[in-house]
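Okay, here's what each chain looks like letter by letter:
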Amino acid sequence: MLKRRSIKDSRGESALFRRRALVGFALILFGLVALVTRFVYLQVLHHDEFVVRSENNRVKPRAIPPARGLIYDRSGVLLADNVPAFRLEVIPEQVSDMPALLAEIGAVVPIGSDDVEAFKKQLKQSRRFESVPLKMRLTEDEIDRFAVNRWRFPGVDVVPYLTRRYPYGTHFAHVVGYVGRLDADDLERLDPVRYKGTSHVGRSGLERSYEDMLHGTPGYELVEVNADGRTQRVLETHPPVPGKNLYLSIDIRVQKAAEEAFDNRPGAAVAIDPRNGQVLAMVSVPSFDPNLFVNGISHTDYTMLTTAEDKPLYNRALRGVYPPGSTVKPLLALGGLEYGVRRPEDTVLSTGEFCIPGQSRCYRDDERGGNGTVNMVRAIQLSTNTYFYKLALDLGIDRLSTFMGKFSFGRPTGVDLIGEASGVLPSREWKAGRYKQPWFPGETVISGIGQGYWAVTPMQLSHAYATFAGHGTPYAPRLVMATQGGVDSRPAPLANPPTGPSLIQKPGDWAAVNQGMIAVMTGGTGKTVGVGFPYVIAGKSGTAERYSRTTNAYDERRNNAYLASRHRAWFVAYTPAEDPKIAVAAVLESGAWGAQDAGPIVRKILNAWVVQQGGTLPVGPPPSAAPASPAPDPSEVIEPSIEPPMESGGDDIPAIPSSSGANP
Amino acid sequence: MIDTQYARMQRVFKRVLTRPRIDLPLAGGLFMLAIVGLLTLYSAGDSHLALVGGQAGRFVLGAILMLIISRIPPPVLRNWSPWLYAGSTALLVVVALLGEGRGAYRWLDLGVMRFQPSELLKLTMPMMVAWYLHPRQLPPSWKDIIVVGVLIAIPAGLIAEQPDLGTALLVAAAGAFALFLSGMRWWKIGALLGAVGGMIPIAWHFLHEYQRNRVRTLLDPESDPLGNGWHIIQSQIAVGSGGTFGKGWQHGTQSRLDFLPEHTTDFIFAVFSEEFGLAGVIGIMLLYAFIIGRCLWIAMDARDTYSRLLAGAIGMSFFVYVFVNGGMIAGMLPVVGVPMPLVSYGGTSAVSLLTGFGVLMSIHANRKMHE
Numbered sequence: 001m002l003k004r005r006s007i008k009d010s011r012g013e014s015a016l017f018r019r020r021a022l023v024g025f026a027l028i029l030f031g032l033v034a035l036v037t038r039f040v041y042l043q044v045l046h047h048d049e050f051v052v053r054s055e056n057n058r059v060k061p062r063a064i065p066p067a068r069g070l071i072y073d074r075s076g077v078l079l080a081d082n083v084p085a086f087r088l089e090v091i092p093e094q095v096s097d098m099p100a101l102l103a104e105i106g107a108v109v110p111i112g113s114d115d116v117e118a119f120k121k122q123l124k125q126s127r128r129f130e131s132v133p134l135k136m137r138l139t140e141d142e143i144d145r146f147a148v149n150r151w152r153f154p155g156v157d158v159v160p161y162l163t164r165r166y167p168y169g170t171h172f173a174h175v176v177g178y179v180g181r182l183d184a185d186d187l188e189r190l191d192p193v194r195y196k197g198t199s200h201v202g203r204s205g206l207e208r209s210y211e212d213m214l215h216g217t218p219g220y221e222l223v224e225v226n227a228d229g230r231t232q233r234v235l236e237t238h239p240p241v242p243g244k245n246l247y248l249s250i251d252i253r254v255q256k257a258a259e260e261a262f263d264n265r266p267g268a269a270v271a272i273d274p275r276n277g278q279v280l281a282m283v284s285v286p287s288f289d290p291n292l293f294v295n296g297i298s299h300t301d302y303t304m305l306t307t308a309e310d311k312p313l314y315n316r317a318l319r320g321v322y323p324p325g326s327t328v329k330p331l332l333a334l335g336g337l338e339y340g341v342r343r344p345e346d347t348v349l350s351t352g353e354f355c356i357p358g359q360s361r362c363y364r365d366d367e368r369g370g371n372g373t374v375n376m377v378r379a380i381q382l383s384t385n386t387y388f389y390k391l392a393l394d395l396g397i398d399r400l401s402t403f404m405g406k407f408s409f410g411r412p413t414g415v416d417l418i419g420e421a422s423g424v425l426p427s428r429e430w431k432a433g434r435y436k437q438p439w440f441p442g443e444t445v446i447s448g449i450g451q452g453y454w455a456v457t458p459m460q461l462s463h464a465y466a467t468f469a470g471h472g473t474p475y476a477p478r479l480v481m482a483t484q485g486g487v488d489s490r491p492a493p494l495a496n497p498p499t500g501p502s503l504i505q506k507p508g509d510w511a512a513v514n515q516g517m518i519a520v521m522t523g524g525t526g527k528t529v530g531v532g533f534p535y536v537i538a539g540k541s542g543t544a545e546r547y548s549r550t551t552n553a554y555d556e557r558r559n560n561a562y563l564a565s566r567h568r569a570w571f572v573a574y575t576p577a578e579d580p581k582i583a584v585a586a587v588l589e590s591g592a593w594g595a596q597d598a599g600p601i602v603r604k605i606l607n608a609w610v611v612q613q614g615g616t617l618p619v620g621p622p623p624s625a626a627p628a629s630p631a632p633d634p635s636e637v638i639e640p641s642i643e644p645p646m647e648s649g650g651d652d653i654p655a656i657p658s659s660s661g662a663n664p
Numbered sequence: 001m002i003d004t005q006y007a008r009m010q011r012v013f014k015r016v017l018t019r020p021r022i023d024l025p026l027a028g029g030l031f032m033l034a035i036v037g038l039l040t041l042y043s044a045g046d047s048h049l050a051l052v053g054g055q056a057g058r059f060v061l062g063a064i065l066m067l068i069i070s071r072i073p074p075p076v077l078r079n080w081s082p083w084l085y086a087g088s089t090a091l092l093v094v095v096a097l098l099g100e101g102r103g104a105y106r107w108l109d110l111g112v113m114r115f116q117p118s119e120l121l122k123l124t125m126p127m128m129v130a131w132y133l134h135p136r137q138l139p140p141s142w143k144d145i146i147v148v149g150v151l152i153a154i155p156a157g158l159i160a161e162q163p164d165l166g167t168a169l170l171v172a173a174a175g176a177f178a179l180f181l182s183g184m185r186w187w188k189i190g191a192l193l194g195a196v197g198g199m200i201p202i203a204w205h206f207l208h209e210y211q212r213n214r215v216r217t218l219l220d221p222e223s224d225p226l227g228n229g230w231h232i233i234q235s236q237i238a239v240g241s242g243g244t245f246g247k248g249w250q251h252g253t254q255s256r257l258d259f260l261p262e263h264t265t266d267f268i269f270a271v272f273s274e275e276f277g278l279a280g281v282i283g284i285m286l287l288y289a290f291i292i293g294r295c296l297w298i299a300m301d302a303r304d305t306y307s308r309l310l311a312g313a314i315g316m317s318f319f320v321y322v323f324v325n326g327g328m329i330a331g332m333l334p335v336v337g338v339p340m341p342l343v344s345y346g347g348t349s350a351v352s353l354l355t356g357f358g359v360l361m362s363i364h365a366n367r368k369m370h371e
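Taken in sequence, the protein lines are chains Z and H. Residue 1 is where the first sequence starts when you use UniProt numbering, and the numbers rise one by one after that. Residue 1 is where the second sequence starts when you use UniProt numbering, and the numbers rise one by one after that.
These are calculated hints, taken from the structure and not from any lab test. All of these numbers come straight from a predicted model, not from anything done at the bench. Hints may be right or wrong, so weigh each one.
Covered stretches of chain H (chain Z as the covering partner; in silico rule of three or more C-beta atoms under 8 Å from a C-beta of chain Z) [stated by the list, open to error]: (1) 74-87; (2) 148-162; (3) 173-182; (4) 241-248; (5) 293-307.
The beta carbon of each residue, even a glycine, is placed where N, CA and C say it ideally should be.
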């Protein structure tokens, strides 16, 4: 064996390189010859065949868009339909002077500037032989006028298509949502092959979150075109596969009743079946007409909707965050039981004021003088602040937020809609992340009555009580109950298994809190709400303050109108209390008191649900929104009334103590 | 002080322009290719002068870069090589991190301009391999081969992940050619190719679905007449109908009627083949062969191992562009985003190619003295 040379042999290396370079060049020449051979094959041997194909290259594939899946309510009422319509389409390669065409055709069929803008965008994205829609939903008059003038516009044609219609527009605008015309951004985001020939895409609501199922798969046909590009005949057709139909778990009658219950006052309500997470109603008031968006909303309509003071486009059920107020109390009580901090029979003396031991800060009860000695059931029934102040302190903020976090507060519930708000679950970590400040005990105290940093959406609160009512088994809320592959096939239920094991360890704990919430309806704050209902209702009211109190006006002007401007009214309920089948949460943005103003809304939803279940309309004192009865007696409206810095930033000290004695 | 420096810079700049260190045959070949490219672009781009002007501007920018780089002596380039390689690979990592969860992401936005760090690797990769092999005993040992393999795999893997299979292929090829030219033993090459061949089924598993579809479509273009199959069918019709002498400049019908997709960029060679026919194809292939041959000639004349390997690798990777793009046009290879060099419309590739030729010019200017 040769010994390894220790220094580089540059001459030998150079020769080695030379050999390699020559071999490399030979390989490259071989590769280029192989390439040229392929070109000889195409350009010489098969030249004639390709010439024919090139000359006959008038056979063009044309995509056939799939029909979008339909959306039905629980009982099969059609909520989103496809209806035939006509639109004006332009094939760019057959138009010699596009600006002139756009100018001239405007005299025959009025074309808006929005249409032209959308048209130009799509024009850039398309192949020159693919037709681009210019104006959607032609009227019969416009079709007639164009037919007479058609000869003047080669490359322009009236084409039938399916457009989306929402027969129950406003009732489901925040649930079903709407489709809109594809724009340049969509074309970049979506699979171009799947969206060939499609003009609309889901923009909001279920139309957006179930886009993938609703859309379907396009088919295509091979068409022969003449020199003008007009179709002569169809050679082959590969039909599209329509999108899947969706069945909602919402029944339109319950949904309508829920919407009407608000009487156009801004607010939101969500009802969920605790046994499976199915959403039974979801309304956000006010609503809007989704049909406006389908073929491009006009500028004036859009400005009107976006500038309206009560924001009809805003989905309050999903995105509106409100302090939950006393509605958190039953869940907090459950936390106390589960952690072994309280037994149901443990009592607390409510004197009208609660002070953190060793501190001068004090927090008020609603009723001057307090509720006396209360146990857990009585504390839930009367919504005794002192009981929950103390409970929150004993639990501590960490256990409080851990326990409440299990009920999806502070994070999305996982409902099958896009854009859900997370709200705020008060915790040390949240405050440190948001304000870079440590946690104060006073903040724990007011967290116990759903004030302070707390912010929840109606969806979250409804989900939390549905989970509780279902003995703690959590289900992600679902609006879509089943899908259907074709008209003839049976709807297939969508599986929605629990998202985890039960959140409640001891059945006795559930029973105790349930008893408290039943007591609310029989002799507590919600006394009037349940009268005459066929089943036992368990419920809880909540009245949360929107602003800090800065003057004494709050105590001096306790009339409904004034309080409504300061309060958010909540009511949560589930029924039948012994075996819950529906849980509802409703918020009225300008409600003076939870039970008085949000309670009747919940009752109306429950009434409609009973009817939908096959029962008769429950009788009883009409739970009207504006009570004709005398103002509720003070024991009914005892609600939190401390000064939280909610909704107004957290610069000041979170809980302003009642300067003991100074306040009447 | 500043004055003298300024004067010096001025002198250097003047020298760059008046006494360029260029290799005339190579420069002549590139110039002819650029002219052919611009003519084809004019025809393919519906006679839009703006398109042609923009491309010509990029050629000028590339030529200036080429002249500047040709003034940098190879030993300096060699010293820079590991840093340039490390820097460009780091940029790839940045792009990978920025692109997290955003699908295909290749660009780095510098505010004024966006560029693809993967383009840099086309040059820094062979520089790095040549730098590594330069001081070592050649033919390379298994250890050196493995080190080079890792040097190639890291950036190529990052680029393939973007996903940009075409550029990954070009970058890997540039490194592999340097290894080949270093005299790697044939049996080792055989063993390595065998191993790579054995990994193809595994690689298939890692390809994106759209990339697999492109391969499937190649085998049966009629199965997907709306998507990739359309590209392949229309491209072949354009090429085949061109015949021996072509339909004549500006007389191609396939691109004019918009049957041919992307006919100014990746598919421009189909327009060329349709309008100039087999004669044109053979002519341009000869031109490419001449340019590659001249590169290898310069490499053989180079002074040291680094220059030899670098010049040879740049020249040979030029072939990969031509073969992959031409193969795609002719329906031999799957649709991969590799441009036809100096013919396809697109700035980054033109500028990076001409920069590479600048390195060759520099190597030529510093060749070994005969006798």
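Within 8 Å of chain Z's CB atoms, at least three CB atoms from the segment 74-87 of chain H: coverage verdict: Contact hint for the segment 74-87 of chain H vs chain Z: violated, 0 residues under 8 Å.
Assertion that chain Z covers the segment 173-182 of chain H - criterion: three or more residues, beta-carbon distance below 8 Å: holds (count 4)
Outcome, coverage of the segment 241-248 of chain H by chain Z - at least 3 residues whose beta-carbon is closer than 8 Å to one in that chain: As far as the segment 241-248 of chain H goes, the hint holds, because 4 residues have Cβ atoms under 8 Å from chain Z.
Assertion that chain Z covers the segment 148-162 of chain H - criterion: three or more residues, beta-carbon distance below 8 Å: Answer violated; 0 residues pass the 8 Å Cβ test.
Annotated coverage of the segment 293-307 of chain H by chain Z, confirmed only when three residues or more have a Cβ within 8 Å: holds (count 6)
In this structure, the hints that do not hold are numbers 1 and 2, in rising order.
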